[in-house]
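Protein chains: 2
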Amino acid sequence: MTKITVLAGGVGGARFTRGLLQELANTDAGSSVTVIVNTGDDMWLDGLRICPDLDTVMYTLGGGINEEQGWGRPDESRRTSTEIAAYGRGWPWFTLGDLDLATHIVRTDLLRSGSTLSEATEFLCRRWQPGVTLLPMSDQPVETHVRLAAAVDEHAAGDLIHFEEWWVRYRAHVEVTEFVQIGLETSTAAPGVLEAIRDADLVILPPSNPVVSVGTILAVPGIREALRATRARVVGVSPIIGGSAVRGMADHCLNVIGVETSAAAVGLHYGSRGSGGVSGTGGVSGTGGVGGVLDAWLVDETDAAAVAELEAGGIRSAAVPLWMRDVSSTAAIAREVLAISALV
Amino acid sequence: MTKITVLAGGVGGARFTRGLLQELANTDAGSSVTVIVNTGDDMWLDGLRICPDLDTVMYTLGGGINEEQGWGRPDESRRTSTEIAAYGRGWPWFTLGDLDLATHIVRTDLLRSGSTLSEATEFLCRRWQPGVTLLPMSDQPVETHVRLAAAVDEHAAGDLIHFEEWWVRYRAHVEVTEFVQIGLETSTAAPGVLEAIRDADLVILPPSNPVVSVGTILAVPGIREALRATRARVVGVSPIIGGSAVRGMADHCLNVIGVETSAAAVGLHYGSRGSGGVSGTGGVSGTGGVGGVLDAWLVDETDAAAVAELEAGGIRSAAVPLWMRDVSSTAAIAREVLAISALV
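These protein sequences, in sequence, are chains A and B. The opening residue of the first sequence carries number 1 in the numbering used here; numbering runs sequentially from there. The opening residue of the second sequence carries number 1 in the numbering used here; numbering runs sequentially from there.
The set of hints was computed from the structure by calculation and includes no laboratory data. There may be inaccurate statements among the hints.
Stated by the list, open to error - Ranges of calculated distance between the beta carbons of each label pair, as one might list FRET restraints:
| no. | chain 1 | residue 1 | chain 2 | residue 2 | range |
| --- | --- | --- | --- | --- | --- |
| 1 | B | A29 | A | D159 | 44 to 50 Å |
| 2 | B | I182 | A | W44 | 25 to 31 Å |
| 3 | A | I182 | B | D159 | 25 to 31 Å |
To be verified - Among the chain B residues that face chain A by a calculated CB cut under 8 Å, a handful are:
| no. | residue |
| --- | --- |
| 4 | S77 |
| 5 | I84 |
| 6 | Y87 |
Note that the structure is predicted; figures quoted are calculated from it, not measured. Even for Gly, the Cβ is constructed at its ideal location relative to N, Cα and C.
Could you put together the complete structure from these sequences and hints?
If you want it as structure tokens, here you go:
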């Protein structure tokens, strides 16, 4: 009856969790998994509340994901998006598929009617049956923005733009000076989040973006403290293999907070739980650390040289194959997480 | 430079106005047309504000209507609607096409951001260029409901249900005892509405539903009085031909307010402007009359016997072909409206 809690962003966290569920189905059918999902990428678009990471996890675990692109639904049309653009509305660089759109419409309707994001998420999951308890990190809106280093298009130097605009429109290829997370400091963890960390046997940081996904979750007041205090083992999986991001553009985010793009640097950025506060700055700002959060950190077999450095930093480490090529190879990674958690 | 104002519901009013515009293009290119549209059928569905009559008029005049069904856009998919239904939301009997959906999303976004319905309508019309000034009858929400005579499905006898549910789900085939228009008494005419009636040379009541379309517009405080006071001629076109509704189910609505389904009865229900208040009960309740609103009333050639009855009631009348088979035959009806308006 192992209780496992995963702190996830979008695609990486979703795919890792799918592998974890397969592994558990084979080895520990009585286990239960809670996934706490980053909501810092959430946004309003055309009056609809979009929650990219929640939906990616829900669709991936519920069998409704577009496997090729990693987000959205398969075989979607852009007809409604195109119509919205014909009115001069929306963001031309961010289109909503016609099937995915229904999720946003239903969620927005629920939120406008007074439901919390937790309640709306639970409602949506009744359809998708993801096989986990899916929790937003917070019910309060937290929106990650980036501050532009230089003028670009209609934006001036120093302007804040939504993370999704930087990420999707500019593919993170314009320089930014900092992340600004509107609403973060006054947010509180959603119902069940702190309990899921406290009562877990194992907490996993999957290969999600360490800055704007896991870093954002860690920065919600109370969550880092819960990770430091839990009796659970805390094991992370490096999203960096051989000096570059497995997927996405985590390197651009790491650059912004001054962390090297390497498996060792990211593990040490999260820091050791045993460090008593001297290491561990892992978070979106890179300076908010109040002690590390990791017991163990898996790196890819090609990063075996990082193991000694991590262990010198108080973090148990092992080098194992970390490419999530398919569900089966991802289940093998989850098996390594379970294995190392038994050693710490 | 004739100024013409039309009081319209959905399909009938939209198609009539399209014919009117063709007639004016040929004979009076300097004229201007304002269409005041019923908003009593408006509703919230899945958190989106739906304005069936405004959209039907806008699409019809802007070249975006589904000609066959008379509402919505051509070649739409129901994929998003089907997804919403998969969540157990929406009304299974009322689906939103994927193209039409964009209009509702943009309008709702504008309304939620503080725009009035007039402003949102003006914004949407920038795309569609309907060739008229399109005005909602009111910026305040007015929603027509019907009171059920007997229990049906999940509703009890005496329950109020939204007009669209009665109309679309039950095809008006369950008995109702009255129309109840929530918000009507405290509503005010939208900006420009009373002026468009006051300053017109000609006001036209097209073959729209006399109870829930034109009747609702007339019941907005101030509109009937404006029609009584305007220097314009007021000419109506019968939506009843040979004892039945040209389109839709106006007979069911007329039954509810105790008016016979005949061209003469509907004309007399609107009443003569010259009657000084003794005739004219035209409105949704059938009892709200404070004097009639018509100078003239066109009936179909098959209803020629009604002409004498109407003229005895103080309403100039003529029997002419009233079937709107296509734009050209509809333009001919508009020509008859212009002709009779010159005689009163």
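So the hint says 44 to 50 Å: do the beta-carbon atoms of A29(B) and D159(A) match that? holds, 48 Å
Under 8 Å is the threshold here; is the Cβ of Y87(B) close enough to any Cβ of chain A for the hint to stand? Interface hint status for Y87(B): holds (5 Å vs cutoff 8 Å).
Given the hint of 25 to 31 Å, check if I182(B) and W44(A) actually sit that far apart at their C-beta atoms. holds, 29 Å
Status of the given 25 to 31 Å range, CB of D159(B) versus CB of I182(A): Violated: the Cβ-Cβ distance is about 45 Å, outside 25 to 31 Å.
May I ask you to test the interface hint for I84(B) with respect to chain A, counting a Cβ-Cβ separation under 8 Å as satisfied? holds, 5 Å
A closest beta-carbon separation below 8 Å is what the hint needs, so does S77(B) meet it against chain A? holds, 7 Å
Taken one by one, the earlier hints fail for this structure only at number 3.
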